[in-house]
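Enquirer: With the hints as your guide, set chain F onto chain P.
Next come the chains, spelled out residue by residue.
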Amino acid sequence: MSDKKRKATELHSAARLYARECEEGKLSRREFLTRATALGVAAPAAYGLLGLTAPAARADTPQMGGTLRIQMDVRAQRDPRTWDWSELANACRGWLEYLVQYNRDGTITPVLLEDWEANEDATEYTLMVRQGVTWNNGDALTAEHIRHNFERWCDASVEGNSMASRLGALMEDGQLRDDAVEVVDDHTVRLHLSSPDVTIIANLADYPAAVVHPEFSGDPIRDPIGTGPYRPVSYETGIRAVVERNPDHTWWNEGNGAWIDRVEFIDLGTDPAAWVASAEGGEIDMLYETTGDFIDIFTAIGMVETEAVTSATLAVRFNQDSEPYDNRNVRRALQMAVNNAEVLELGYNDRGIAGENHHVCPIHPEYAELPPIEMDREAAVAMLEAEGHGDTEFELISSDETFHADTCDNIAAQIRAAGISIRRTILPGATFWNDWLTYPFSATSWAMRPLGVQVLNLAYRSGEAWNESAFSNAEFDELLAEANGIADADERRVVMERLQLIMQEEGLVILPYWRSLYRHARPNVHNAEMHPTFEVHFQNYWMS
Amino acid sequence: MLLFLIRRTGVMIVTALCLTFVVFYLTNLPAKLETLAKTQAGTRISDAEVVTWLDRNGYGQPMLVRYGEWLGVMPGWTREVSDEVMDGRCYRAYDLREPGSAPTRCGLFQGYWGESTRFRATVAEVIPTRLGATGLLMMWALIVMVPMALVVGVAAGMREGSRTDRSLSTFAIASTATPEYVSGVVFIALLASSTAGLSPLLAQWGWIDGPVLFQGNARSALEKITFWNFTLPVLTIALYGMGYIARITRASMTEVMTQQYIRTARLKGVSFANIVLRHALRNALIAPFTVIMLQIPWLLTGVVIVEVLFSYPGFGWTLFEAAVNNDIELLLAASVVAVIVVLLTQLISDIGYVYLNPRIRVT
Numbered sequence: 001m002s003d004k005k006r007k008a009t010e011l012h013s014a015a016r017l018y019a020r021e022c023e024e025g026k027l028s029r030r031e032f033l034t035r036a037t038a039l040g041v042a043a044p045a046a047y048g049l050l051g052l053t054a055p056a057a058r059a060d061t062p063q064m065g066g067t068l069r070i071q072m073d074v075r076a077q078r079d080p081r082t083w084d085w086s087e088l089a090n091a092c093r094g095w096l097e098y099l100v101q102y103n104r105d106g107t108i109t110p111v112l113l114e115d116w117e118a119n120e121d122a123t124e125y126t127l128m129v130r131q132g133v134t135w136n137n138g139d140a141l142t143a144e145h146i147r148h149n150f151e152r153w154c155d156a157s158v159e160g161n162s163m164a165s166r167l168g169a170l171m172e173d174g175q176l177r178d179d180a181v182e183v184v185d186d187h188t189v190r191l192h193l194s195s196p197d198v199t200i201i202a203n204l205a206d207y208p209a210a211v212v213h214p215e216f217s218g219d220p221i222r223d224p225i226g227t228g229p230y231r232p233v234s235y236e237t238g239i240r241a242v243v244e245r246n247p248d249h250t251w252w253n254e255g256n257g258a259w260i261d262r263v264e265f266i267d268l269g270t271d272p273a274a275w276v277a278s279a280e281g282g283e284i285d286m287l288y289e290t291t292g293d294f295i296d297i298f299t300a301i302g303m304v305e306t307e308a309v310t311s312a313t314l315a316v317r318f319n320q321d322s323e324p325y326d327n328r329n330v331r332r333a334l335q336m337a338v339n340n341a342e343v344l345e346l347g348y349n350d351r352g353i354a355g356e357n358h359h360v361c362p363i364h365p366e367y368a369e370l371p372p373i374e375m376d377r378e379a380a381v382a383m384l385e386a387e388g389h390g391d392t393e394f395e396l397i398s399s400d401e402t403f404h405a406d407t408c409d410n411i412a413a414q415i416r417a418a419g420i421s422i423r424r425t426i427l428p429g430a431t432f433w434n435d436w437l438t439y440p441f442s443a444t445s446w447a448m449r450p451l452g453v454q455v456l457n458l459a460y461r462s463g464e465a466w467n468e469s470a471f472s473n474a475e476f477d478e479l480l481a482e483a484n485g486i487a488d489a490d491e492r493r494v495v496m497e498r499l500q501l502i503m504q505e506e507g508l509v510i511l512p513y514w515r516s517l518y519r520h521a522r523p524n525v526h527n528a529e530m531h532p533t534f535e536v537h538f539q540n541y542w543m544s
Numbered sequence: 001m002l003l004f005l006i007r008r009t010g011v012m013i014v015t016a017l018c019l020t021f022v023v024f025y026l027t028n029l030p031a032k033l034e035t036l037a038k039t040q041a042g043t044r045i046s047d048a049e050v051v052t053w054l055d056r057n058g059y060g061q062p063m064l065v066r067y068g069e070w071l072g073v074m075p076g077w078t079r080e081v082s083d084e085v086m087d088g089r090c091y092r093a094y095d096l097r098e099p100g101s102a103p104t105r106c107g108l109f110q111g112y113w114g115e116s117t118r119f120r121a122t123v124a125e126v127i128p129t130r131l132g133a134t135g136l137l138m139m140w141a142l143i144v145m146v147p148m149a150l151v152v153g154v155a156a157g158m159r160e161g162s163r164t165d166r167s168l169s170t171f172a173i174a175s176t177a178t179p180e181y182v183s184g185v186v187f188i189a190l191l192a193s194s195t196a197g198l199s200p201l202l203a204q205w206g207w208i209d210g211p212v213l214f215q216g217n218a219r220s221a222l223e224k225i226t227f228w229n230f231t232l233p234v235l236t237i238a239l240y241g242m243g244y245i246a247r248i249t250r251a252s253m254t255e256v257m258t259q260q261y262i263r264t265a266r267l268k269g270v271s272f273a274n275i276v277l278r279h280a281l282r283n284a285l286i287a288p289f290t291v292i293m294l295q296i297p298w299l300l301t302g303v304v305i306v307e308v309l310f311s312y313p314g315f316g317w318t319l320f321e322a323a324v325n326n327d328i329e330l331l332l333a334a335s336v337v338a339v340i341v342v343l344l345t346q347l348i349s350d351i352g353y354v355y356l357n358p359r360i361r362v363t
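Line by line, the protein sequences give chains P and F. Residue 1 is where the first sequence starts when you use this note's numbering, and the numbers rise one by one after that. Residue 1 is where the second sequence starts when you use this note's numbering, and the numbers rise one by one after that.
Chain P extracted, bound-state conformation (with noise of 0.2 angstroms):
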């Protein structure tokens, strides 16, 4: 799969998109080291971009031991599947393992897999599972049972069973279809797709892609077979889970990670003022994520912040099924009338990238460059008065997290700098969430994913079940369709400049920026680096 082998040596497109800023001088040059080695470009490479020399780098030994304890959430857990928080794969992620894994720089590689090989239109997949691998309770891992869990995965009657509307693929009528997961030997799985999907590695690589025992019960924690280094010691919701390495099983890594004796997963509630508060006491080595004003709180009191580039972001979309937003006019009016610079610089801290209204990232390997989006107010207000929308009042509605307030105050405020009239609605999470599909004019924030059909597949396409915008578009789906089938990312990019040109025309959403995402550990926390979907891959992490 192309997005994998890319080399080593091979520059992330990206990159170059930043070096150019920096020589603009929109982007500082320490800046732009950050990104660019969050990108996975070398350091050397990096400063070579900017024809400079990489200063020496010392190499250091990971140590054996210590005790890692980290402040997240400890949500009641449940069947893997149905995950829906990535807080919830972390506890477990000692010792339930996945197929592959999604790298900081935007790699995927094999983990329980040696190695997989994609035919040409993407239809048909070859799974080598990887020679070696024991269960913590004697078994061998063996193809049979990656069918199993291709076959629990493809369950949709298990309500918020996730990985089914991943797959789909796969499945017919709810359920795995019969011919899709040959077993070919002991150790080779082939997957036969009723159409072509390029995404179905990088959804294999999604936290709730954690495989599992054939006797797998449901419940994680008291029935901990896995095939990871560490294993379970005490979980107590929403205050602590602490997992240890397991000193009765081999690991198939052994060696080359799992140096810390002992993990321990702090829950210290949602308020930052309490983490700054145990950090301070010594009490945690490392977060989950930091947001907002406590990243440069964090950094005062001496700990390390590392930065992740993610295709995370706060889509600000309209429903087309709603008044007066089936109008395309007045959609394109509302977008034009905002400076999307302006909302990540106000609405989040300029931490992180603008967007240009539609939902593909510079850091995903597809992506097309387009030519930068313009905002006239003056222009936007002609608009709605063409339409009859002059003297309407809109709304925008967002849930109370601070990030997704402040960005909608901002964007409200710049529609309201126009001259055009528009309310704001806050509404606490729990109850935001519950009709988050069917607001008319709203925020949602939506999770990083490696690839760029993959948001668009779940979003965008007719009918989805997340389909917030109740967008509709023949020609998108068709060649949405037609992009899911090439494997090639460089191909690829061809169709997807069409694609990101069609939600821009269609005024689909006020897409402001592209999230950074943060994280901060002590100083001898070691490879402990903020990852784009929160991983916690706390088994390749050391303390000195």
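It should be emphasised that the hints constitute simulated quantities derived from the structure, not laboratory data. Warning: the hint list may mix true and false statements.
Across the chosen pairs, the derived CB separations fall in these ranges [as the list claims (entries may be wrong)]:
1) VAL186/F <-> THR402/P: 16 to 26 angstroms
2) GLU125/F <-> THR392/P: 27 to 37 angstroms
3) TRP85/P <-> TYR181/F: 24 to 34 angstroms
4) LEU17/F <-> ASP223/P: 54 to 64 angstroms
Chain P side only, calculated, beta carbon under 10 angstroms to chain F, not exhaustive [said to hold, decoys possible]:
5) LEU268
6) ILE301
7) LEU437
Here are some chain P residues pointing at chain F (derived, C-beta under 8 angstroms) [unchecked claim]:
8) THR82
9) GLU159
10) SER162
11) ILE239
12) GLY269
13) ALA274
14) GLU280
15) GLY282
16) TRP433
17) GLY463
18) ALA465
19) TRP466
No residue lacks a Cβ here, since even glycine has one placed at the ideal position from N, Cα and C.
Expert: Using the frame of chain P, we list chain F on its own:
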């Protein structure tokens, strides 16, 4: 006396029934059940999935029937999964699968308090541990608060209008007027931050070893309570309640000090200290005693803020978590506990009153 106790217990049961019904009604509104389904089965599940989830988990029946189930007067819901596996309220309660193996009714009357959906444990496990944690916090708060309040109140009330009275009264009013969520934050900023307040200064002078004077987060007190991690939450609660009790004590003390018998004692040449300690104090303590007793249930709600602020998982914290996550059975049990605590402390205060004031009789 016995009749009085019986009547009080009756009142307690009726209050608990009414309160739990109100809580049950509010937590079972359709929108609340939808939230529950979404927190349990997945934040972004569809409406159809919400309905099937609610049906499968016994939330599909009328509200009154389910209230009866919780009480244990109505048979618990059951659902046949296959010929060999049954699911249902009572099957889950006792972790059974075989059809017919579970009792028909399982509720409060059978001693089953239900299951906490937030903590994935039985309510009977959650409540006692959390209540124990809060008990410790309240005990320390009372130990700090009561003597301090009485000393301040008595000292202020000895000589009404004196300089001591004015300054102590100002302190007492200021402490009552500062809510916990203000004083708690002020304490953290002042004493538990390595960049602001006293700690950087003390650390610079080498007076403290760590970066902060006190720990601004009481999570570690769950394992071991130390002066370092428990001072701030205890102080926050104690200070708020202290001012109020001190004001009541002062009012009661000033009133006693104007009584005829105090004047008589003075005229007879009894020393001032003796008058205060031997003649005035006992009479002056009647009113504060009731207030201290009433303070306990009040503390129980006050700890919600403090426990959440200092992330100390006690009863208040549990109540907060249960409310946020619409954890129906945990909220019901918490309200029963609250009713019991309120009425029990009132009972103690009524009985104690009789001993302190011979003019009052329980009938």
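Enquirer: Each hint: holds or not?
Expert: Going through the hints against the structure:
1. The given range of 16 to 26 angstroms is respected by VAL186/F and THR402/P, whose C-beta atoms sit roughly 22 angstroms from each other.
2. Distance hint check: the CB atoms of GLU125/F and THR392/P are about 55 angstroms apart, inconsistent with the given range 27 to 37 angstroms.
3. In this structure, TRP85/P and TYR181/F meet the distance hint of 24 to 34 angstroms, their C-beta atoms being roughly 28 angstroms apart.
4. Range check, LEU17/F to ASP223/P: Cβ separation about 40 angstroms, and the 54 to 64 angstroms hint is violated.
5. A cut of 10 angstroms between beta carbons decides the hint on LEU268/P: the least distance to chain F is about 4 angstroms, and the hint holds.
6. Against a cut-off of 10 angstroms between C-beta atoms, the interface hint on ILE301/P holds, since the closest Cβ of chain F lies about 6 angstroms away.
7. Of the supplied interface hints, the one on LEU437/P holds, with its beta-carbon coming within about 9 angstroms of a beta-carbon of chain F, less than 10 angstroms.
8. Because the beta carbon of THR82/P sits about 6 angstroms from the nearest beta carbon in chain F, less than 8 angstroms, this interface hint is met.
9. Given the 8 angstroms rule on beta carbons, the hint for GLU159/P holds: about 4 angstroms separates it from the nearest Cβ of chain F.
10. Checking SER162/P against chain F by beta carbon gives a least distance of about 7 angstroms; that is within 8 angstroms, so the hint holds.
11. Checking ILE239/P against chain F by beta carbon gives a least distance of about 5 angstroms; that is within 8 angstroms, so the hint holds.
12. At about 5 angstroms, the closest approach between the beta carbon of GLY269/P and any beta carbon in chain F falls short of 8 angstroms, and the interface hint on this residue holds.
13. Because the beta carbon of ALA274/P sits about 5 angstroms from the nearest beta carbon in chain F, less than 8 angstroms, this interface hint is met.
14. The beta carbon of GLU280/P comes within 5 angstroms of a beta carbon in chain F, closer than 8 angstroms, and the hint placing it at the interface holds.
15. Using the Cβ-Cβ criterion of 8 angstroms, the hint placing GLY282/P at the interface with chain F is satisfied: the shortest such distance is roughly 6 angstroms.
16. Interface restraint check: TRP433/P against chain F, minimum CB-CB distance 6 angstroms, threshold 8 angstroms, status holds.
17. A least Cβ separation of about 12 angstroms between GLY463/P and chain F goes past the 8 angstroms threshold, and the interface hint is therefore violated.
18. Residue-level restraint check for ALA465/P holds (minimum Cβ-Cβ distance to chain F is 6 angstroms; threshold 8 angstroms).
19. Interface restraint check for TRP466/P: the shortest CB-CB distance to chain F comes to about 7 angstroms, inside 8 angstroms, so the restraint holds.
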